[in-house]
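Peer 1: Next come the chains, spelled out residue by residue.
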Amino acid sequence: MAIQQTESNTWTIQDKMNARKERQKKLRKLEKLVPVFLFLCAIVSILTTLGILYTLISSAVTFFSEVSFSEFFLNTDWKPWSGSFGILPLITGTLLITGIAILVAVPLGLASAIFLSEYASDRTRRIVKPLIEILAGIPTVVYGFFALTFVTPLLQNVIPELKIFNALSGGIVVGIMIIPMIASLSEDAMSAVPNSIREGAYALGATRFEVAMKVVVPAALSGIIASFVLGISRAIGETMIVTIAAGQSPNLTLDPTQSIQTLTSFIVQGTSGDTAYGSTIYYSVYAVGITLFVFTLAMNFLSQYISRKFREEY
Amino acid sequence: MSIPNQVDMYKRRKRRTAKNKLFHALFFAATTIGLIVLVMLIYRVLSQGMGSLSWDFIRNFAAPYPEEAGLLAGIIGSLYLMVIVALCSIIIGIATAIYLEEYAKKGRLTSFIQMNIQNLAGVPSVVFGLLGLTFFVYVLDFGYSLLTGGLTMSLLVLPIIVVASQEALRSVPGELKEASAAMGASKWQTIFRVILPAALPGMVTGSILALSRAIGETAPLLIVGAATAIYSLPDSALDSYTVMPIQIYSWISKPGDEWPLLAAAGIIILLIILLIMNAIAVYIRNKFQRRY
Chain A
1 MAIQQTESNT WTIQDKMNAR KERQKKLRKL EKLVPVFLFL CAIVSILTTL GILYTLISSA
61 VTFFSEVSFS EFFLNTDWKP WSGSFGILPL ITGTLLITGI AILVAVPLGL ASAIFLSEYA
121 SDRTRRIVKP LIEILAGIPT VVYGFFALTF VTPLLQNVIP ELKIFNALSG GIVVGIMIIP
181 MIASLSEDAM SAVPNSIREG AYALGATRFE VAMKVVVPAA LSGIIASFVL GISRAIGETM
241 IVTIAAGQSP NLTLDPTQSI QTLTSFIVQG TSGDTAYGST IYYSVYAVGI TLFVFTLAMN
301 FLSQYISRKF REEY
Chain B
1 MSIPNQVDMY KRRKRRTAKN KLFHALFFAA TTIGLIVLVM LIYRVLSQGM GSLSWDFIRN
61 FAAPYPEEAG LLAGIIGSLY LMVIVALCSI IIGIATAIYL EEYAKKGRLT SFIQMNIQNL
121 AGVPSVVFGL LGLTFFVYVL DFGYSLLTGG LTMSLLVLPI IVVASQEALR SVPGELKEAS
181 AAMGASKWQT IFRVILPAAL PGMVTGSILA LSRAIGETAP LLIVGAATAI YSLPDSALDS
241 YTVMPIQIYS WISKPGDEWP LLAAAGIIIL LIILLIMNAI AVYIRNKFQR RY
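If you read the protein sequences in the order shown, they are chains A and B.
Under the UniProt record's numbering, think of the first position of the first sequence as 1, with each following residue one higher.
Under the UniProt record's numbering, think of the first position of the second sequence as 1, with each following residue one higher.
Do not rely on the hints blindly, as some may be mistaken.
What the hints assert, rightly or not - Pair by pair, the computed Cβ-Cβ distance ranges are:
| id | chain 1 | residue 1 | chain 2 | residue 2 | range |
| --- | --- | --- | --- | --- | --- |
| 1 | B | Asn-5 | A | Ser-196 | 30 to 36 Å |
| 2 | A | Ser-249 | B | Asp-56 | 36 to 42 Å |
| 3 | A | Lys-32 | B | Gly-184 | 14 to 20 Å |
| 4 | A | Ala-136 | B | Phe-288 | 49 to 55 Å |
| 5 | B | Val-83 | A | Lys-29 | 30 to 36 Å |
| 6 | A | Leu-33 | B | Arg-193 | 56 to 62 Å |
| 7 | A | Lys-29 | B | Lys-106 | 23 to 29 Å |
| 8 | A | Arg-308 | B | Arg-193 | 36 to 42 Å |
Said to hold, decoys possible - Straight line, CA to CA, 20 Å or less: simulated SDA-like cross-link-like pairs of lysine to any residue:
| id | chain 1 | residue 1 | chain 2 | residue 2 |
| --- | --- | --- | --- | --- |
| 9 | A | Lys-79 | A | Gln-258 |
| 10 | A | Lys-32 | B | Lys-21 |
| 11 | A | Lys-309 | A | Pro-218 |
| 12 | A | Lys-26 | A | Asp-15 |
| 13 | A | Lys-32 | B | Ala-185 |
| 14 | B | Lys-287 | A | Pro-130 |
| 15 | B | Lys-106 | A | Ile-43 |
| 16 | A | Lys-25 | B | Phe-192 |
| 17 | A | Lys-129 | B | Asn-286 |
| 18 | A | Lys-79 | A | Ile-281 |
| 19 | A | Lys-214 | A | Ile-197 |
| 20 | B | Lys-21 | A | Met-213 |
| 21 | B | Lys-254 | B | Ala-63 |
| 22 | A | Lys-163 | A | Thr-253 |
| 23 | B | Lys-14 | A | Ile-43 |
| 24 | B | Lys-287 | A | Ile-127 |
| 25 | B | Lys-19 | A | Leu-204 |
Unchecked claim - Computed, partial: chain B to chain A, Cβ under 7 Å:
| id | residue |
| --- | --- |
| 26 | Lys-19 |
| 27 | Tyr-103 |
| 28 | Asn-116 |
| 29 | Gly-122 |
| 30 | Gly-216 |
| 31 | Thr-218 |
| 32 | Ile-223 |
| 33 | Trp-259 |
| 34 | Pro-260 |
| 35 | Leu-261 |
Please keep in mind that the hints were generated in silico from the structure rather than gathered at the bench.
Note that CB positions come from ideal geometry on N, CA and C, so glycine has one too.
The task is simple: from the sequences and hints, build the whole structure.
Peer 2: Here you go:
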């Protein structure tokens, strides 16, 4: 009796172990599928890029079969609803906004970065940096509201001939939007400069300002310039602020008091509502889109190139 | 060769320290300008919008008269949109990050995927809108629907989630991984039971920040056809919809003195929701993130 029972016990243990092995085998097999699933997910980002390229290029090709290259790049009138497709006014509008934004954001952003990295105490930095980064989290439609209902009236007190929709107020507010980006990227670059270099300069009797301008900024220059270029790219691609505050009139002008239209705000205007699918105007949106895409992509590559190529390694 | 005399040296040092003080003040002033603008913006929004805030404003649909109009369709639309974006982009984003950090072999393909994600993060949001317009609206024929908006937005925030999750995964120390492997755990067991729990706070924080980006984004949804005024809530993913920023935009662009006030009230609600989301993200980061 006793012997029999032990035997049956051994059997069940054996069975259990076998079953466990089987289950593990199955699990291992399933595990082989995991990297496949993960890889498929990773492919989504590549498909997105391919999708963007396909969308822009195929529609732009259709557009250029109806409108010639020379018309598109040389004509100085952008009046798609009366059949003139010269992209120059949109490009000058975009450049105007970007220029103003950079004039605002570069000095303020860089000065903030120098203050935070070289002058501020740890405690100040811990409080001020997140506060500045709040600016980056505010939705652009809110900035647009601020530009149109606050900055424009304020500027009109100083410049009476300012239009309600104008490049100046839009550009300034776009600049404010990119301050945190420039400040935080530049600050990162400056914090990466080793302290031994700073202390060497202090030991020679340099003031804080001299250390910042003659030692730290030159050492971190690649990162700082890369942040400027990224800022430019963001300003070029910014949509809602300029759509709301800078107007919808494609004027070929560099006068910031005038109403203008940028590449991005035409894309919004051209896709909203009454544009028929398959019309020349519909395709012109994609031609403008590919121009915008090329501009920003070039800026992103330039920024990556600068920070890789000219980085000082310590 | 002349030896600099002491008086000259003294003068020079005074000039240099004075310059230092001047620029200290200038740099400080420049830093505060950003903060001053932030305060002005919030004050402006509050002072204009508080008057229009009421329970009716949250409960009502859009209306032709400012005193009857409300944000209900936008709030619910934004919520639905966020659900779609969360489902799509968090799963795909975290999976991509795990693949890149744990499975991918170093090589051309991996560095190509990595570079590609970096560049996607820099593509303007309107271009994602054009992608959505072609593929989701026309090719897949989802029309101007909630689903189209959600999928477009998912692609837009995907790079943010991938990059944040990768950073979270990288911060998990190798010792944990090795200890798990030494106990006989398989690779997937190690990832699922050891690495993911350790990286989760970082991933959740990144995902919440990505969702808050999605909730404030306007331009791509204008392009893929979110409605500006809608009088019923969407019943299915293929219904038309609107979101908070689009309603705000439509009020800003209406003529008349009262619509901007309504837009400001909408902005207050939007900012409150964003504030709550960011507070949750910061809380999770401080509470659960362990430093190794």
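Peer 1: Now look at each hint and say whether the structure bears it out.
Peer 2: Status of each hint after checking the structure:
{"no.": "1", "hint": "B:Asn-5 x A:Ser-196: 30 to 36 Å", "in the structure": "holds (34 Å)"}
{"no.": "2", "hint": "A:Ser-249 x B:Asp-56: 36 to 42 Å", "in the structure": "holds (37 Å)"}
{"no.": "3", "hint": "A:Lys-32 x B:Gly-184: 14 to 20 Å", "in the structure": "holds (18 Å)"}
{"no.": "4", "hint": "A:Ala-136 x B:Phe-288: 49 to 55 Å", "in the structure": "violated (24 Å)"}
{"no.": "5", "hint": "B:Val-83 x A:Lys-29: 30 to 36 Å", "in the structure": "holds (34 Å)"}
{"no.": "6", "hint": "A:Leu-33 x B:Arg-193: 56 to 62 Å", "in the structure": "violated (18 Å)"}
{"no.": "7", "hint": "A:Lys-29 x B:Lys-106: 23 to 29 Å", "in the structure": "holds (27 Å)"}
{"no.": "8", "hint": "A:Arg-308 x B:Arg-193: 36 to 42 Å", "in the structure": "holds (37 Å)"}
{"no.": "9", "hint": "A:Lys-79 x A:Gln-258", "in the structure": "holds (17 Å)"}
{"no.": "10", "hint": "A:Lys-32 x B:Lys-21", "in the structure": "violated (64 Å)"}
{"no.": "11", "hint": "A:Lys-309 x A:Pro-218", "in the structure": "holds (15 Å)"}
{"no.": "12", "hint": "A:Lys-26 x A:Asp-15", "in the structure": "holds (16 Å)"}
{"no.": "13", "hint": "A:Lys-32 x B:Ala-185", "in the structure": "holds (15 Å)"}
{"no.": "14", "hint": "B:Lys-287 x A:Pro-130", "in the structure": "holds (17 Å)"}
{"no.": "15", "hint": "B:Lys-106 x A:Ile-43", "in the structure": "holds (16 Å)"}
{"no.": "16", "hint": "A:Lys-25 x B:Phe-192", "in the structure": "holds (18 Å)"}
{"no.": "17", "hint": "A:Lys-129 x B:Asn-286", "in the structure": "holds (16 Å)"}
{"no.": "18", "hint": "A:Lys-79 x A:Ile-281", "in the structure": "holds (10 Å)"}
{"no.": "19", "hint": "A:Lys-214 x A:Ile-197", "in the structure": "holds (11 Å)"}
{"no.": "20", "hint": "B:Lys-21 x A:Met-213", "in the structure": "holds (14 Å)"}
{"no.": "21", "hint": "B:Lys-254 x B:Ala-63", "in the structure": "holds (12 Å)"}
{"no.": "22", "hint": "A:Lys-163 x A:Thr-253", "in the structure": "holds (14 Å)"}
{"no.": "23", "hint": "B:Lys-14 x A:Ile-43", "in the structure": "violated (62 Å)"}
{"no.": "24", "hint": "B:Lys-287 x A:Ile-127", "in the structure": "holds (18 Å)"}
{"no.": "25", "hint": "B:Lys-19 x A:Leu-204", "in the structure": "holds (17 Å)"}
{"no.": "26", "hint": "Lys-19", "in the structure": "holds (6 Å)"}
{"no.": "27", "hint": "Tyr-103", "in the structure": "holds (5 Å)"}
{"no.": "28", "hint": "Asn-116", "in the structure": "holds (5 Å)"}
{"no.": "29", "hint": "Gly-122", "in the structure": "holds (4 Å)"}
{"no.": "30", "hint": "Gly-216", "in the structure": "holds (3 Å)"}
{"no.": "31", "hint": "Thr-218", "in the structure": "holds (5 Å)"}
{"no.": "32", "hint": "Ile-223", "in the structure": "holds (5 Å)"}
{"no.": "33", "hint": "Trp-259", "in the structure": "violated (11 Å)"}
{"no.": "34", "hint": "Pro-260", "in the structure": "holds (5 Å)"}
{"no.": "35", "hint": "Leu-261", "in the structure": "violated (10 Å)"}
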